[in-house]
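Novice: Here is what each chain is made of, one letter per residue.
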Amino acid sequence: MDLSYTPEEEEFRARLKEWLAKVLPTLPPKPSPDDWPGRRAYDLGWQRMLYDAGYAGLHWPVDAGGQGATPTQHLIFLEETENAGAPYVGAGFVGLLHAGPTIAAEGTAAQRARWLPPILRGEEVWCQGFSEPDAGSDLAALRTRAWRDGDDYVVSGSKIWTSHAEAADWCELLVRTDPTAPKHRGISWLAMPMDAPGVTVRPLRTLAGSTEFAEVFLDEVRVPVANRVGAENDGWRVTMVTLSFERGTAFVGEVVACRRVLAEVAGEARRNGRWDDPVLRRRLGRLSAEFRALWRLTQWNVSEAEGTGGVPGTGGSVFKLRYSQARQDLYDTAAEVLGPEALDLGREWVIDRLSSLSYTIAAGTSQIQRNIVAERLLGLPKGR
Amino acid sequence: MRFQLTEDQRALRAGVRELLAARFDREALRAAVDTPGLDRALWRALGAAGFFALRLPEDEGGVGLGLPEAVLLFEEAGRVLLPGPLVATHLAAGVVEGAATGETVVTSVDGSLVEWLDAADVVRVGDARTVEKDALAAVPLRSLDPLTPLHRTAPDSALHGARDGAHDVVAAAALLTAAEQLGTAARTCELAVQHARAREQFGQPIGAFQAVKHLCAEMLVRTELARAAVYAAAVTADPLDIAAARLLADEAALQGARDCLQVHGGMGFTWEADVHLHLKRAWVRSRRGGSAAGAEEALAADLLTARGTSGGHML
Chain E
1 MDLSYTPEEE
11 EFRARLKEWL
21 AKVLPTLPPK
31 PSPDDWPGRR
41 AYDLGWQRML
51 YDAGYAGLHW
61 PVDAGGQGAT
71 PTQHLIFLEE
81 TENAGAPYVG
91 AGFVGLLHAG
101 PTIAAEGTAA
111 QRARWLPPIL
121 RGEEVWCQGF
131 SEPDAGSDLA
141 ALRTRAWRDG
151 DDYVVSGSKI
161 WTSHAEAADW
171 CELLVRTDPT
181 APKHRGISWL
191 AMPMDAPGVT
201 VRPLRTLAGS
211 TEFAEVFLDE
221 VRVPVANRVG
231 AENDGWRVTM
241 VTLSFERGTA
251 FVGEVVACRR
261 VLAEVAGEAR
271 RNGRWDDPVL
281 RRRLGRLSAE
291 FRALWRLTQW
301 NVSEAEGTGG
311 VPGTGGSVFK
321 LRYSQARQDL
331 YDTAAEVLGP
341 EALDLGREWV
351 IDRLSSLSYT
361 IAAGTSQIQR
371 NIVAERLLGL
381 PKGR
Chain S
1001 MRFQLTEDQR
1011 ALRAGVRELL
1021 AARFDREALR
1031 AAVDTPGLDR
1041 ALWRALGAAG
1051 FFALRLPEDE
1061 GGVGLGLPEA
1071 VLLFEEAGRV
1081 LLPGPLVATH
1091 LAAGVVEGAA
1101 TGETVVTSVD
1111 GSLVEWLDAA
1121 DVVRVGDART
1131 VEKDALAAVP
1141 LRSLDPLTPL
1151 HRTAPDSALH
1161 GARDGAHDVV
1171 AAAALLTAAE
1181 QLGTAARTCE
1191 LAVQHARARE
1201 QFGQPIGAFQ
1211 AVKHLCAEML
1221 VRTELARAAV
1231 YAAAVTADPL
1241 DIAAARLLAD
1251 EAALQGARDC
1261 LQVHGGMGFT
1271 WEADVHLHLK
1281 RAWVRSRRGG
1291 SAAGAEEALA
1301 ADLLTARGTS
1311 GGHML
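First to last, the sequence lines map onto chains E and S.
Under the numbering used here, the residues of the first sequence are numbered 1 to 384, in order.
Under the numbering used here, the residues of the second sequence are numbered 1001 to 1315, in order.
Hint data in this document are derived by calculation from the structure and do not stem from the laboratory.
Don't take each hint at face value.
[Stated by the list, open to error] Straight-line alpha carbon distances no greater than 20 Å define the calculated SDA-like cross-link-like pairs of lysine to any residue that follow:
#, chain 1, residue 1, chain 2, residue 2
1, S, K1133, S, L1038
2, E, K382, S, R1197
3, E, K382, S, E1200
4, E, K382, S, L1038
So here's chain E without its partners, still in its complex pose:
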């Protein structure tokens, strides 16, 4: 067991920190959360800077245009960019973390050449059309239909919880191409242009007041058959390649950020006198233990991925279950420190507290994650 970094890794870190110190002061001011064109431009501008500096697609394979970095280098990258206050991946999320890796793994040479470079260069934004109003945790129950018509699919249905739909050029879309097959076997993966006729985006307002995601209605949208990645009806497997691309690095930046916030919350408690309450202090101490351990678990999972050259698999579920709860506890504790000010949306941490409520739901609810842990890691039987 070794927690020290190799000279190569330390050099990677040093060069990155140097670069960040140089470029971050040149960034334009952050756009407001509701300014979608502004957010798109800001996020893509950052991606272009990464590209020019050789940091784009750090974890992508080299033959897909990426840097082929090790999981540990990726961890260092996410840790240092967070420490330096660099922009988050933002609108590039789906392209860089889901759609891109899927195309890299399953796409044809022509598909890779068409779609991957613009993602890396920060020129095109992708969104994800997976969930539907009646297909959430039970994703494979999706009903959006696609019929073949010559060289096109004609797609009708609706998608929901689509992040960055308003800013996206492309949508990685799961559609049902064979309604008679068992539910996992009749699904195909399509790249749909968001400006195609028949696509309607209706923003959804979250309980935090912002419009982070949208409903996407599809009314006889024509998508070229050439935009299908993988074989027809093999979309479920293609999608699972995407979802298992995760190498234990999904929440690196967030854990770093949570540790910083926790220290700031302690500082605020000290300033406003709540620090004198031993119950509160002990709660802060316990949260510190929690986030220290989550950081260690991250290092453990990343090292495991490094060793196998593959994926940590369901270790990610173990992490997510605990992290999502810890994040909610952190902001609940921040609210306790703030006292009456916790009711003021203008106060730091209050919006974050609201946003934290999504963590036990998004990307697999905690209930689904517990099923995964119990069935795949512990070998408990599936229920009837």
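Place chain S on chain E using the hints.
Specialist: Quick look at chain S alone, frame taken from chain E:
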């Protein structure tokens, strides 16, 4: 960075598990419950296997390994509920004659409590001091844990409340205890899963019901988080990492044993099932080194320092 067990560490863990399976199987555990007392032959066997001399340098007759290897040993000991003052004797190796080989059984005064006083040859206070048993004026308790005899030192004893000693020894004791708790957490998760797969009600294994399944999943989550914390603290030997490891390992063991009991239903409430032995031992271990409040306060205080706020990456 390669935060995974090395091949040698895997081999060491497998070796210890094998040794304990041979020398302290379930039958031996239940026999120990029925007939309390320290098994000196087992103690010497542990000594011969290097359990106590593990961290002594090789030129002092030790194995020359470190805390990361020690936590693997103590995790295995925790899994099988190996009885005896293991931590105190391990920490006395190289200091107290015969401790390293398992010839001498060493216990220590921890606050107002002393484990295994009657069986011990030597009683230590803190890091360096050895005391006569009589000087403690200790009285036996009816110990909650059938496998851990306990004495309480007299309230007016000069030693009452003694918990001093070199910081690294105190920290090592806390870490090895956390490793034992980790063993209980892992083992109670396994026992719960085994039972949930075998026991049928309403025509299916109870483990197919989500209410049961989710209890088991949370047991594993707590165990794996505690494992990362305990192993990392063994690598860094940082007192705050150890404080964090202790908190998470206590939680994983205490809640794990309770949930295991719950999954076992009525059987879990019986003397015959092993579950209560894990819960009771976990309660005893969770009292070592004082209450959890100290660890929480230390971690909280660190948040106000520059180190807690940022400054450099987290090693």
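Novice: Taking the hints in turn, state whether each one holds.
Specialist: Consistency of the hints with the structure:
1. For the suggested pair S/K1133 and S/L1038, the alpha carbons sit about 17 Å apart, so the restraint of at most 20 Å is met.
2. For the hint pairing E/K382 with S/R1197, the CA-to-CA distance comes to about 11 Å; that is within 20 Å, so the pair holds.
3. Restraint check for E/K382 and S/E1200: satisfied, since their Cα atoms lie roughly 14 Å apart, inside the 20 Å limit.
4. As the CA atoms of E/K382 and S/L1038 are separated by approximately 45 Å, the hinted pair breaks the 20 Å bound.
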